[in-house]
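Student: So the sequences go chain by chain: A and B.
Residue numbers for the first sequence follow this note's numbering, beginning at 1 and rising by one.
Residue numbers for the second sequence follow this note's numbering, beginning at 1 and rising by one.
Keep in mind the hints are simulated off the structure, nothing from the lab.
Not one of these hints is a red herring.
Simulated crosslink set (BS3-like; lysine-lysine; CA at most 27 Å straight-line):
id	chain 1	residue 1	chain 2	residue 2
1	B	K6	A	K60
2	B	K3	A	K60
3	A	K120	B	K6
4	A	K95	B	K124
5	B	K137	B	K108
6	B	K32	A	K95
7	B	K64	A	K95
8	A	K120	B	K3
Listing some non-contacts, in silico: residues in chain A with all C-beta distances to chain B over 10 Å:
id	residue
9	F7
10	N8
11	I11
12	R13
13	E14
14	I22
15	I42
16	Y119
17	N125
18	G182
19	K193
Small disclaimer: the values here were computed from a predicted structure and weren't measured.
All C-beta atoms, glycine included, are put in the ideal place defined by N, C-alpha and C.
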Amino acid sequence: MNLWKDFNQGIIRENPVLRLMIGLCPVLAVSNNAINALGMSIAVAFVLLSSNISVALIRKVTPGEIRIPIFIIIISTFVTITDYVMQAYSPELYKALGVFVPLIVVNCIILGRAEAFAYKNPLPNAIVDALGMSVGFTIALVSIGVVREILGAGSVFGFPLFDERIAATIMILPPGAFITIGVLMALVNRMEKKVL
Amino acid sequence: MGKTIKFGLTLGVFCVISAGLLAYVFLLTVPKIEANAKASFEGSLREVLPGAESFKSVTAPGAKSEIYEAYAGGKEVGLAVKVAPRGYSGEIVMLVGVDPELRVKGMKILSQRETPGLGTNVEKPKFQRQFIGKGVKDAFEPKKDIDAITGATISSRGVCEGVKIVLKDSEQYRKAKP
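Sequences and hints are given; from them, build the entire structure.
Tutor: Shown next as structure tokens:
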């Protein structure tokens, strides 16, 4: 029951992007199409899960004073691993995500969950928390990606839906990211009010 | 004092574990990464000069570009030239295939950081098709013989500039060659 609650809170109630509003930098930058958004979500999910597991495992032997530098070492190690593996096995995606893969290091969702959750909770809860947060992040990022790609490029996951000449290019440019994210946040807020 | 040493050692242990892990993953992936880069570049060479079988990197004094001679059946069938003109944000790295009569045979953008949705359209065949068949004597000027991309004049001009450099260097290379 407790585990379910930990999983659940990342999806809507504490959705990292739409409710906590953290990790917005990569969200705004790579959500210009659905494939990039999905690739980024998978990379973040892997790093978040690995770092939550490691932090939960070592929390008893980590002195409180130096926990932050240790978290950073752990996170950057997993980000670098992701970077190499992606370069080796998915060069196309790596090219599309570019600088945002190394920048997962400074994604505050990951450090935030390590500090606020994994450091204070046992392993199973930390794993469940990472999964819940990843699902929440993926839902937010992919919905933004899909909306922007449909309106801005007339396609979804690369499949053309209609003539791209009538698409609104602004949606795949930076302003489109802010507009989409604002509208989605409003919708989630309204949904939450109704549910509660 | 005791605390300082303990903290230092703890951090040191974490660093050593992390460095070891990274070295292992690096050794595991680096051959694949290098092979990917090589295969993708060779694929691009073949794309800009259809029909060519093998390529040889050559040195061209005074050239602003990297020139590769292309061969098919032991005969030279043209040049593939890599050039990096300035675009709207950073360099547009591109590869241009030039046939023996010094006309553009094919082109491909290898990497660019232009504005998504505007400048990135330089990768579209519709834009690149205009360059095919043009030669040293053509002007390559947006609004004259090239239709620039709407909202991306600077990116379009960058590509034109790149093709011009390629043709000039190719001509020079041909002349210098005995």
